[in-house]
Amino acid sequence: MADDLDARNIVQKIQDLMRSNTSTARYTMQVQTPDWQRSIRFQSWDERIKKRFFIRVLSPRKEKDTAWLKSDKNLWMYLPKLERDIRIPASMMLSSWMGSDFTNDDLVKMDSVVADYNHRILSQDANSIRIESTAKPDAPVVWGKIIHAVDHNGIPLSDDYYDEHGMHIRHLAFSEVQTMDGRRIPTLWVMQPLNNVGKKTLLKLEEATFDKAIPEYIFTRANLRRASPH
Amino acid sequence: MIFSLAWRNVARSWQRSLVTIAAVATGLSALIFLWGFNDGVHNTMMRNLQQVIVGSVQIHHADFFKKSSLSRHMKLTPELQNALSKAQNSGQVKALSWRLETFALAAGNDVSEGLLLLGMDAKSEAKTTRIAEKVDQGRFLQAGDGPVCVLGATAARNLGVNLGDDVIFLSQDRFGALAADKFKLIGIISSGEMGIDRGLAIIPLNVLQNMLEMQGRYTRVVLQIAPDNLEAVTTLLRASLNHKDYEVLRWYDMYPMMKQWVDLENAFYYIFLGVVLLIVAAGIMNTVLMSMLERVREFGVMMALGCSRSVLAGMVIVESMILGALGVLLGLLIGLSLVAWFHSVGIDLSAEMDTIARFYIDPVVYTEIDADHLWQTAGSVMAAAIVAAFVPMWRVAKLQPVEAIHHV
Amino acid sequence: MFRIYMRLGLRNLLLYPMRTGLTVVGLAVGIAALTFLSAMNNGWLQNMKANFVLTQMGHVQVHAKGFEKSRRISDYMHATSEVDKALQNMPHIQAWTHRIRVSGLASAAGANASVLVSGIEPENEKKVSRLYGFVQQGEWLRKADKRGVLLGDVLAERLSVGLGDKVVLMAASPEGDIASEVFRVRGLIHSGVLDVDNLLALVPISMARDWLGLGLEGAATDVVIRADAFTSVDGIVKNLKQRLDTHDFEVLRWQEIDPMAEQWTMFADVYTWIVLLVVIIVVLAEVLNTMLMSMYDRVREFGLMAALGTGQGQLFAMVVCETLVLVAMGGVLGFVLGAAASLYFAEYGLNLSQYATAFSFMYMSPIVYPELTLNGCARILIAAMVGAVLAGIYPAWKASRLNPAAAMREV
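Chains as they are written, first to last, in this note's numbering: chain U, 372 to 601; chain B, 9 to 416; chain C, 42 to 452.
Hints should not be assumed to be uniformly reliable.
Here are the simulated lysine-lysine pairs, DSSO-like style, with alpha carbons at most 27 Å apart [claimed, not checked]:
| # | chain 1 | residue 1 | chain 2 | residue 2 |
| --- | --- | --- | --- | --- |
| 1 | U | K433 | B | K190 |
| 2 | C | K282 | C | K167 |
| 3 | B | K192 | U | K433 |
Label-pair restraints from in silico Cβ distances [to be verified]:
| # | chain 1 | residue 1 | chain 2 | residue 2 | range |
| --- | --- | --- | --- | --- | --- |
| 4 | B | G99 | C | W314 | 39 to 45 Å |
| 5 | B | L337 | C | Q178 | 55 to 61 Å |
| 6 | C | H133 | B | L337 | 54 to 60 Å |
| 7 | B | A333 | C | L431 | 24 to 30 Å |
| 8 | C | L431 | B | A379 | 31 to 37 Å |
| 9 | B | D261 | C | D218 | 41 to 47 Å |
No wet-lab data here; the hints were simulated from the structure.
Ideal placement from N, C-alpha and C gives every residue a C-beta, glycine not left out.
Kindly generate the complete structure, drawing on both the sequences and the hints.
What follows is the structure, encoded as structure tokens:
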């Protein structure tokens, strides 16, 4: 299917808005199920070009100072209770990240949304534009298509994920638009799997800075063992 | 009267009778010994599988065996409690134990590897399985143990850890949060079974439950049951547990390979049985025919004196039955003695086999025979003896008295 | 003299056609059964060994040194040309193929699962292993189809995918990068072994190389070799170890790769001996039975012969020879029958599936092809002859010890 330039640009703009070459951010992630609820707060440093990231957990107390470092082709994890860092074999990734509805897929391939799909505008109305992104045949993505809903300012409203047979698998809703480091972005992301009613994951962006240089010491193993200042 | 006639005939030519009885006895005792060997090997193998770690029957959350995951776990619900009580009250359950397991990353000094983290309760496990015996360095878990672990030999080697070293296990708890803890390696298992030696780490059940926030939750109930009671207990459990929530699996539902092997070999044996039966039948037919041919004159006289053909025929049959019965009795005696002897002494085949750590097959075979194999065999030999008599009997029935008397 | 005894023996036997006939039949059945069952056991054993080895493992495997233990993709062979060259002109090699093995993660829209990926050469693989025969739905991989994947059926079920669906495979390259590629399910494999059906994903090796960044065309983790016979394996291994640098490569025979396979086959072998022994005993007993009986019958005859001057030794020899002739007749007949049955079923196969339920386990086929070996036949014939002589001794001894006068008085 041919790429609609406008559609492609819009999707690209969403990516540019939500991502940057470097970013530091603080999030709260809440996982809700019919039986229980869990909340964790963490700080992340992300360097897209060099493919490195560092995450440190801030709360709850049980998991405070647990940290991950991806750098030099290795994934390290630090366990504060045991005062040990462990190298995680990349193929051994836990299937859902921290029990949430986000998968490794999301973690690893979030930036392929533009390149791996063909985009076209599906519909428009006064409030929003809907874009249909269909996966290219050789793209390493599990989805058949994604439908992005975006407002006329280029701020994403929702993403709907469909498998190849057209079955609606996930719904990601964006809301609570705020200004962060000069950008207007949604700060609340809610992922709802459609085969598991009652379970959902909320990701709240508390604070973020973009495209500021991140000091080298962040991406070192020594950094894993540091406690968070909060 | 037929019986006493028959008996007298048998006793009269006792040497010949003895030879035939001996032939039947040899055939039967050989067969019994063969079954003893066969059943000995098979039963030991099946027992090993059940007794070392798998158990006879396991209860899981529905679908757990094929799609194992921590979310498919069980709690001690009234339904489960009730089912287990019923099973235990029947007296047919020898022991049971509870387990919890999950997939985890094990980190040694420098190397990490994925394996199955299995929580066992030392006390009840000791009564249910013999996994503790497979520890060949250090020791197995004991009641009251804290964060200690037992690893398969290959896993320990891959991780580069020795007794006394620390191993970290990293997994996800019930809520998806990271669960990790440090354990001291106190025992190493060498079982000869790859699945255990390479991919298993055993820690105390309560420690694992706490680590995973799975207190009061389990993934398996393992029951040890004598083979004769297996089906009964399984039926009982299946009737007491809703199949939408629980699955009740026998060891061979989970690991069918062994049972299929045993079935195939038994099929082989039934063919042997057929062959030996034929040989024995031929032998008896021979004997009875011969003895009959000798006594043709005698039969002729008896018929002339008014003895009916049916009585004569009956006599021939009864003679065979007596020979057969005595042969079977003797055969049972010899055969069972052989089985009993080798059951206590064992047949040592290790000269012919390698000394690699063996899980399934023991080089020393202790014979034992399944009751139904025993009675099938004895019964068939007896039947063969009787059937073998039919030809001679038929010939007797056709005798003409005058010709018979003139027979030389 | 011997010939006379044989002729006498034969004549004596023929005098009592019914009795001799029955005994010969009994013997023939015994020997036929022995021959046939021994051939069947042999065939079954070979079948099983072949299944173990040819389903996936191969007779011999060559890896980069340390791979079997570590199973890490970083321990891969950068070039297999050295191995290929060594194998090119080696005798007793039937076929070989290359594979790349790596463990990874399979993702589909609905679910994820751990997998063991095997990058294979579709055409060569068919010549070496039998995986091809286990494709239950769909079809085997085609070399040109770069993105085809075959999944174990249980795995496919867990991922909720069917034929034609997308699956993304993710694994770590030797450098540690996570690489993923999309594939389409072309076929489902059912082997009956849960570990295989639950974990196996087959892709073309060229794609695996690209995907994992192994670059060069010769890269592989395994060279899997099929020998022309089990007896050639040791020779091949020795040959390879001489030609290849053992610092770089490791050469493993099938027994070392899966010790369990060897346990089973070795044991089955020992089993046979015991069974054969027992059947021989039974046959012996039968022969003894008949000979003794005929002895009792011919007491007068022997007495007469003794009275007429036949020496003890001669009587002894005569009876033993008679036994020999008897066994020879039964034995030859039996052997011919047994061999015929073996050869017939070797062609058409003997279907035992009604005796054992659900043969879904891949190492055992319910259809057995007996295999007659020269070794096996020789063993049986010699055993039969020895048995015959042994069986003849007691009756012969009794015959020779008869008191002529008393004997002739017997009625």
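So, going through the hints one by one against the coordinates:
no.	hint	result
1	U:K433 with B:K190	holds (16 Å)
2	C:K282 with C:K167	holds (26 Å)
3	B:K192 with U:K433	holds (22 Å)
4	B:G99 with C:W314: 39 to 45 Å	holds (42 Å)
5	B:L337 with C:Q178: 55 to 61 Å	holds (58 Å)
6	C:H133 with B:L337: 54 to 60 Å	holds (56 Å)
7	B:A333 with C:L431: 24 to 30 Å	holds (29 Å)
8	C:L431 with B:A379: 31 to 37 Å	holds (35 Å)
9	B:D261 with C:D218: 41 to 47 Å	holds (42 Å)
Of the numbered hints stated above, none is contradicted by the structure.
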